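2 protein chains.
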Amino acid sequence: MRKIMWFCFALTVSTAAFGQDLRGAIEAYEQAHQKEIVANLVAALEFPAVAADEASIRRKADYLKGELDKRGMLSEILETEGNPLVFGKFSVPGAVRTLLLYCHYDGQPVDSDEWQQPDPFQPVLRDGKLSDSTKVLEIDARRKFEDDWRIYARSASDDTAPIIGLLTALDALKAAGVMPTSNIKVILDGEEEAGSPNLVPAIERYRDKLGADLLLIFDGPLHQSNRPTVVFGARGIMTIDLTVFGPRVPLHSGHYGNWAPNPAMRLAQLLASMKDPDGRVVIEGFYDGIDFTPDDQRVLDEVPDDLGELKRTLGFSEADKVGETLQEAIQFPSLNVRGLQSAWIGGEARTIVPDRATAAIDVRLVRETKPDDLYGKILGHIEAQRFHIVSEDPDDATRAAHARIVKVIRRGSTSAYRTDINNPIATQVVSAISAVWDGPIVQKRTSGGTVPIAPFIEVLGFPALGVPTVNFDNNQHSPNENVRLGHFFDGMVTFAAIFTM
Amino acid sequence: MRKIMWFCFALTVSTAAFGQDLRGAIEAYEQAHQKEIVANLVAALEFPAVAADEASIRRKADYLKGELDKRGMLSEILETEGNPLVFGKFSVPGAVRTLLLYCHYDGQPVDSDEWQQPDPFQPVLRDGKLSDSTKVLEIDARRKFEDDWRIYARSASDDTAPIIGLLTALDALKAAGVMPTSNIKVILDGEEEAGSPNLVPAIERYRDKLGADLLLIFDGPLHQSNRPTVVFGARGIMTIDLTVFGPRVPLHSGHYGNWAPNPAMRLAQLLASMKDPDGRVVIEGFYDGIDFTPDDQRVLDEVPDDLGELKRTLGFSEADKVGETLQEAIQFPSLNVRGLQSAWIGGEARTIVPDRATAAIDVRLVRETKPDDLYGKILGHIEAQRFHIVSEDPDDATRAAHARIVKVIRRGSTSAYRTDINNPIATQVVSAISAVWDGPIVQKRTSGGTVPIAPFIEVLGFPALGVPTVNFDNNQHSPNENVRLGHFFDGMVTFAAIFTM
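Those protein sequence lines, which keep their order, are chains P and G. Counting from 1, one number per residue, gives the positions in the first sequence under the working numbering. Counting from 1, one number per residue, gives the positions in the second sequence under the working numbering.
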């Protein structure tokens with residue numbers, strides 16, 4: 001019966017008309033059930049589900065498994081070496097494909113003192129974005145909720161709202177008598193905010209259950225324009241610590257300054273050798289293999305970044321010139337000095353030649369740059385600057401044998417991933433979302449940050465697409481995390497569009 | 001009678017023969033009075049005379065005034081805005097010159113827990129340099145003291161031993177019936193280890209009392225060869241903090257790395273622009289005016305530094321190439337990065353583009369380089385690197401107007417001083433010391449470090465010479481400060497030679 005209903009839509013109306021009807025149907029359901037939908041969200045936010053709190057995590061996992069069951073899914077708890085995964089499968093007779101939906105049910109750790117509410121796990125409803133003029137509203141007393149109202153709680157946007165949103169979208173489709181066109185599998189991660197350390201082996205272990213045509217990642221915020229957004233990839237990361245050595249112990253800068261080699265200056269010279277004055281990396285081959293097709297370029301150009309406004313907000317007048325725009329820049333690997341330290345500054349400064357100087361570096365990777373390869377190029381560059389590379393603090397013989405000594409420690413890496421901008425099934429997702437919303441949607445070829453799930457995408461072996469739905473200003477990873485209800489409700493429309501594409 | 005005795009020596013024997021006789025006379029006195037001399041030293045070390053301890057400082061000042069009185073000096077306490085100066089004058093009928101002797105009677109602050117004795121102000125006698133095999137000896141039980149024995153106490157070498165030594169030298173000369181040839185004035189500083197903040201105004205206030213032909217500074221250790229040493233100058237110092245600004249707040253290095261300018265990299269580039277790979281400053285005019293006469297060069301070359309051994313000890317294989325040798329290097333101003341800081345390293349590192357990066361710099365000055373002039377050259381160099389210089393954290397308008405912003409803070413400066421290597425009276429001192437000791441003496445054209453008394457030398461307007469006498473390994477400014485008794489006794493011979501030159 002549901003299958004027949006779906007055929008009616010698909011065969012008799014245009015995509016755009018279907019999209020508008022679908023949106024109307026989902027919004028009608030949402031309007032009729034606001035109190036229940038918000039109550040479901042609040043209930044899921046009341047678990048102190050921080051990755052380190054195993055008991056709360058397991059209670060939330062069991063609770064969410066129950067929510068999957070209610071939607072007629074075949075669900076189970078998948079045990080891992082760490083927190084459990086919650087898995088569910090919704091089979092559609094005659095489905096044209098299978099979608100695997102990834103969310104995480106853990107939230108960032110909290111520092112309750114910095115929150116403007118007594119408990120980050122007791123959700124608070126406000127009539128707008130937290131400010132002096134917004135009021136706290138009684139959640140239980142409301143039947144109707146306005147789009148600008150927000151729920152404040154840890155994991156509200158990151159990433160509980162999308163979980164409740166996708167389940168509500170299934171409820172709304174069912175109520176409208178519309179059957180999804182895809183089999184839907186859901187996998188909910190319980191330790192994403194701890195870096196998903198057990199996800200890759202778990203995915204390998206449960207590989208047989210997870211087969212699909214596309215992985216959809218329902219995590220992260222919309223583009224800052226708050227337009228519907230899809231994300232084709234994420235940069236990876238590799239971190240490297242460089243420590244340059246001077247004298248064995250700090251020396252009196254009067255007695256030895258000008259004579260004992262200064263490790264802070266030598267570190268500065270080494271770092272300076274890696275970039276030109278415009279911020280472009282000059283290490284040979286660092287940007288090899290990166291190229292944009294005309295389609296890529298169009299997608300990059302269409303992202304509605306207001307770079308002038310962004311620079312004003314961030315407080316600088318001139319960006320590095322790795323790309324022409326922010327979107328272009330993040331298509332390239334980065335080399336970022338994230339920390340510097342040598343001896344002391346300010347009131348603690350002492351008149352010494354320091355014994356060592358350290359730079360902490362992160363290198364963001366893109367699909368074309370493999371960590372080992374890039375690391376090799378960085379080491380080659382350091383050697384070309386006449387530095388002797390060691391992996392431990394130098395002993396006497398090493399100090400006697402080499403004028404410039406640097407300890408290089410690589411602390412691990414996470415790969416990048418990126419789905420081709422013209423991937424057919426990704427293109428279908430873009431079309432489906434476009435059909436329910438007016439105006440262009442934002443397509444991000446790569447997001448700049450790194451997600452711990454990239455390695456599991458490699459294991460799965462099928463393409464992945466990020467579909468964020470929550471508000472950009474959600475204070476993700478900060479105190480006073482929130483979700484704007486209008487975004488929460490609109491997310492359901494987006495999810496329903498994907499499920500019925 | 002005494003005056004006549006002096007004439008006998010001066011007119012009838014050669015300088016060298018006089019020197020040997022004098023040394024014999026002083027050593028005979030020292031041998032005969034060891035118990036009393038050591039007791040005098042111990043008594044002076046029992047005051048907890050740290051500059052911040054005003055009550056103890058004043059007790060020690062009063063005690064030392066009494067010791068000056070005992071030697072027939074006209075003495076007084078000279079009040080300052082801080083700790084008092086102790087002043088004494090010993091007039092010699094027919095004196096050919098007046099010598100002003102500078103010592104300080106305060107010591108470095110102590111951290112008693114790090115000392116190998118219960119109380120740094122309860123002197124301990126050891127039968128050698130502190131080690132597993134040296135023993136503590138009962139001071140009071142001894143009548144004879146061996147040269148290798150050491151007294152451990154705060155201010156033992158720095159700078160109480162020279163005070164007791166110069167007074168004992170007067171006692172010994174009196175016992176030998178030898179009159180000094182110079183009027184001798186003594187000024188004892190009570191807050192040198194706190195930077196002598198009140199010395200310059202005090203010197204201006206008491207200028208009429210302090211007239212002399214030469215200032216002799218009885219402070220600091222001998223050259224590490226432990227040869228008799230004279231020091232013609234000391235470098236000055238100026239400290240500068242450079243803070244380069246990036247985005248207003250630290251940014252996510254994934255979202256913005258490659259695009260938001262990185263202040264740590266820009267600071268590295270700025271620092272790197274200041275020196276060549278061999279450590280020579282390339283700021284235009286930085287080394288202007290520095291030149292060595294053949295006499296200067298000879299003096300520099302004669303300093304018996306074992307640079308190979310020094311590099312092995314300090315743990316590096318190649319020195320900066322500002323000069324050919326350590327002694328040459330410290331004739332030039334230095335530019336030393338004494339501290340670096342930006343965001344975090346190690347376990348605390350975060351994947352951010354830092355908002356700022358700071359370098360703490362000290363610039364050691366020489367007589368030819370005036371602080372204001374050198375500072376102007378540094379600022380000019382920074383501007384030539386296209387940096388906009390500010391003196392406070394930049395506001396929005398400044399951030400919007402300038403791509404590269406650096407806050408430059410100059411924290412004050414102390415001038416260098418240097419007496420010409422061929423200054424006639426300084427040459428007499430060198431000859432007098434040479435006459436009492438076998439072998440060459442070490443002449444340091446400039447010591448690398450800075451002494452807070454340099455500005456008062458400028459006020460006094462007459463030449464100055466450092467005559468250190470204590471052992472190089474005295475742990476000055478560290479726990480377990482000590483003076484080797486052989487050096488303490490030999491210092492008296494050196495002082496007597498100067499007083500009778």
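Treat the hints with caution; some may be incorrect.
No distinction is drawn between identical chains; accordingly, a pair holds when it is met within one copy or between any pair of copies.
Cross-link-like lysine-lysine pairs, in silico, PhoX-like; alpha carbons within 25 angstroms at most [to be verified]:
1. Lys370 / Lys65
2. Lys70 / Lys209
3. Lys321 / Lys209
4. Lys35 / Lys311
5. Lys144 / Lys370
6. Lys377 / Lys209
7. Lys321 / Lys407
8. Lys370 / Lys89
9. Lys135 / Lys407
10. Lys89 / Lys311
11. Lys311 / Lys407
12. Lys65 / Lys135
13. Lys70 / Lys321
14. Lys174 / Lys321
15. Lys144 / Lys89
16. Lys65 / Lys35
The set of hints was computed from the structure by calculation and includes no laboratory data. Predicted model, so just to flag it, every value in this text is computed and none were measured.
Could you work out which of the previously given hints the structure breaks and list their numbers from low to high? 1, 3, 4, 5, 6, 8, 9, 10, 12, 13, 14, 15
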